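K.L.:
If you read the protein sequences in the order shown, they are chains E and S. With the working numbering applied, the first sequence covers 2 to 513. With the working numbering applied, the second sequence covers 2 to 513.
Hints may contain errors.
The calculated label-pair distances, taken between Cβ atoms and stated as ranges, are [what the hints assert, rightly or not]:
1) E:G85 x S:E491: 42 to 48 Å
2) S:G85 x E:E421: 53 to 59 Å
3) E:V510 x S:R28: 22 to 28 Å
4) S:S488 x E:E63: 33 to 39 Å
5) E:G373 x S:Q20: 53 to 59 Å
6) E:F203 x S:G505: 48 to 54 Å
7) S:P503 x E:D204: 51 to 57 Å
8) S:E380 x E:A39: 26 to 32 Å
It is worth saying that the hints were derived from the structure and are not from the lab. Note that the structure is predicted; figures quoted are calculated from it, not measured. Note that CB positions come from ideal geometry on N, CA and C, so glycine has one too.
There are 2 protein chains.
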Amino acid sequence: MTTTPVWSVDPRTGKQREQVAVEATPREVDEAVRAAHACRGALADAGARAAFLRAAAGLLDEAAAHVIEAADAETALGPGRLTGELARTTGQLRAFADAVDEGAYLDVRIDRADPSLSPPRPELRRYKVPLGVVAVYAASNFPLAFSVPGGDTASALAAGCPVVVKVHPDHPATSELCASLLRRAAVSAGLPADVVSVLHGFDAGLELIRHPLVAAAGFTGSLRGGRALFDAAAARPVPIPFHGELGSLNPVVVTPAAAAERAEEIGAGLAGAVTLGVGQFCVKPGLVLVPEGADGDRLADALTKALGETEPGVLLDHRMRENFVTGVRERAALPGVTAPVTPGSGGEHTVGAGYLTVSAGRLAGDGLAGDGAYEVLLEECFGPVTVVARYASQAEAAAVLGRLPGNLSATLQLSSAETEGAPGPAAGLIAQVTGLAGRIVVNGWPTGVAVAPAQHHGGPYPAATSHSTSVGGTAIERWLRPVAYQSVPEALLPAELREANPLGLPRRVTGG
Amino acid sequence: MTTTPVWSVDPRTGKQREQVAVEATPREVDEAVRAAHACRGALADAGARAAFLRAAAGLLDEAAAHVIEAADAETALGPGRLTGELARTTGQLRAFADAVDEGAYLDVRIDRADPSLSPPRPELRRYKVPLGVVAVYAASNFPLAFSVPGGDTASALAAGCPVVVKVHPDHPATSELCASLLRRAAVSAGLPADVVSVLHGFDAGLELIRHPLVAAAGFTGSLRGGRALFDAAAARPVPIPFHGELGSLNPVVVTPAAAAERAEEIGAGLAGAVTLGVGQFCVKPGLVLVPEGADGDRLADALTKALGETEPGVLLDHRMRENFVTGVRERAALPGVTAPVTPGSGGEHTVGAGYLTVSAGRLAGDGLAGDGAYEVLLEECFGPVTVVARYASQAEAAAVLGRLPGNLSATLQLSSAETEGAPGPAAGLIAQVTGLAGRIVVNGWPTGVAVAPAQHHGGPYPAATSHSTSVGGTAIERWLRPVAYQSVPEALLPAELREANPLGLPRRVTGG
């Protein structure tokens, strides 16, 4: 039997660093899922789960120097960014441990029996139980926060679901290191190591989504790869929920009043949001609606200046670099599209940031009915580039927004008078972008998705394949299903539902 | 252009009563969806929605005599059952109006800005917005409560989603009558009539699920039809959530101690649950695990007596009658299966209730590895029949449960000592059936699904295609998606999220 090696590659040179693992065979996928499945009983202990998540955070923090070094060597994201990402990751693990302790995620609801109703109501007690083994597909662009120890894994484990992670090929060594820390943390909390494990290989990922004992999946990645897995999840004899984040354009609208007031600030801020992490964020602004005229010109000049001063950067892998260069070239070649700062290949292994401009009229399809050539400008281009569309009227801006698919975020840049409710397009814009995004940002930038109870990181397809979030407190809801207990005597109820509420859980009680 | 007539048929005679409508053409489907889509703005008014739902309940109550007569003529379910079903339906509409007033379904969460965190947390305010047009596929067996004015429609309208109902061909006249009442109620509450409309025809149902402006679907019906629609929903360019209830076996386990204590009572109760509504309930017990031996024999005798005394009944349509007769015959022909009371065709238009018995060992597959012949006994058979499987040991009963697909309900019949926590199989059974059903009933019967805040009517596939419920307070969650507002100034926030909380909504606030 031949094995397929998995190499760790240095994106700064394109050279293989070391062989980290081999791709999992179908049999190994099956063994990993069965081993995870056997851990469900152990994971039912909420106290152990919380302790495990905190221990995992602790071990990751202790090993921070090694983890960051490993991740930087494979992703070139740099120690600064990776230090922040690790803090976000361990903070996330601890936040889910707190959520387990608090117990609101169980959504306990109790209806007392009411014989006076017609028909009489029996006693009903409802909470949520874990789904079973969760498959997590790690992202390229967050080797920690959306990968092995990331939000999908943390929320699934918090829910009581064992996790099998399909590692992203851009950071196999980091993934192995993180997996070993998570597994050690599990054992330290009295849980079996197999509550979390990792697999390498594209084919292994497909085997995983089709495995009968896999009960749900989380994914962050491309539209193409995500849709293939979504389709496989839906086509199973027993379909399973597939919570995928598949890409987003993240439109920004700058009102004329905002441009008049803060053109330079907005241009510089936009440059920062476009180049952060070398443009490799799911929430990078990919389309910016800027008014025509002098104020918009000033904004563009500030953007030109800031992007022109940006150093070339290294993308996560060479395939991405090729896709970026090709994607930018295809867009720039469209009639009427100009590139004030040409994005594209920098050095042999780097890319330069830049932006394209086009009139909003072309994107809105005015006079171009049937010509879909400009559709590509409404698709995500991963890397440090954005498209600035200059609009002549509010109606034109609205027409462009009306053509967009679903998004993770939409951002409005408003003037101070508009934020105070002065008449203008602001209210209409808020309403319109609410229809096409999961998060609305005013006078900020969508990059930097706070890990917080009220966060929503999702949105209409293809931003997400479900209406759930992959970041924030409610991400745990994805891995649970409700069960109602009717007239089940106290002695046989799960502790979470007993009348005496021995676990002190928050609950909603109706009647009696 | 030819039109396909839609007839109302009397199941008591098989004769056409009247032509009610024609099947919708693709163009008519498109028009209905567009008209519904245009109502989204009007439905954003929560006060109008609540008034509409209450007005609909009022008009249905006023027209009760006509509605029940129409439904009985098409379904033969009888005035008694239909009077109860109408009360359930109007109660459901009013309960969702109350839910709209209360506002907890919006799940408002507010995180105050916290600059002391690393990274600083921006202000986040999250609530839920309606998805858009909802397609509802009406059920055959509940012409009111799971059809035009039923739970899917009520919960979707409550959420703010316009509804297009694909009518079930078993009760087109009832559906038209109910639609006219709902549409009149909408207008009385100041809403456009097109917030709810109906379509007839199988092909129209397929057109509907594929329409780009349809945002979600609810379905109650067969595994085959539901899976076809689920697949179509998943295969769309933009996939949509499909909340389908596709069938359920609803296992019952009688412990030896329960049989010893209440054999006759359990046998008689089981007969009632199997024959209620002529066995046409989604939660009819279709498999009953009864211990071998004298106590189990007494239970079987009581069941034989009660079913033997049951009058033949009329099924919803002649196709169902044929499927029932064929399905029972196929099952009864299996080696080792006996029919103490033979179910099957009664008179020309009726069927007789009955039951089959088999040893649990055959269902568990003991000594029959590879022989899938008995699998059919683990599939739902719509109509007044159940399968009693006699088990020799707890392990054998557990082995049968271990082979079951997902279920809406699972029922345990326990002794009084077991309900008080005496040692025995009860705790293990509760744990096992929690894994395979959405609702666990002890010492009752699963028929009669209470409309209540803590209800859960769903379960692992094929009981449901999602982890949501179609009955109870949380059914509204299916038609909403979260949106988070980051740093959006007070003047531009939706009223639901303003700091002053002008609508008095319940909310969870973090920080500050």
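K.L.:
Where does the structure disagree with the numbered hints, that is, which hint numbers, in rising order?
P.N.:
1, 3 and 5
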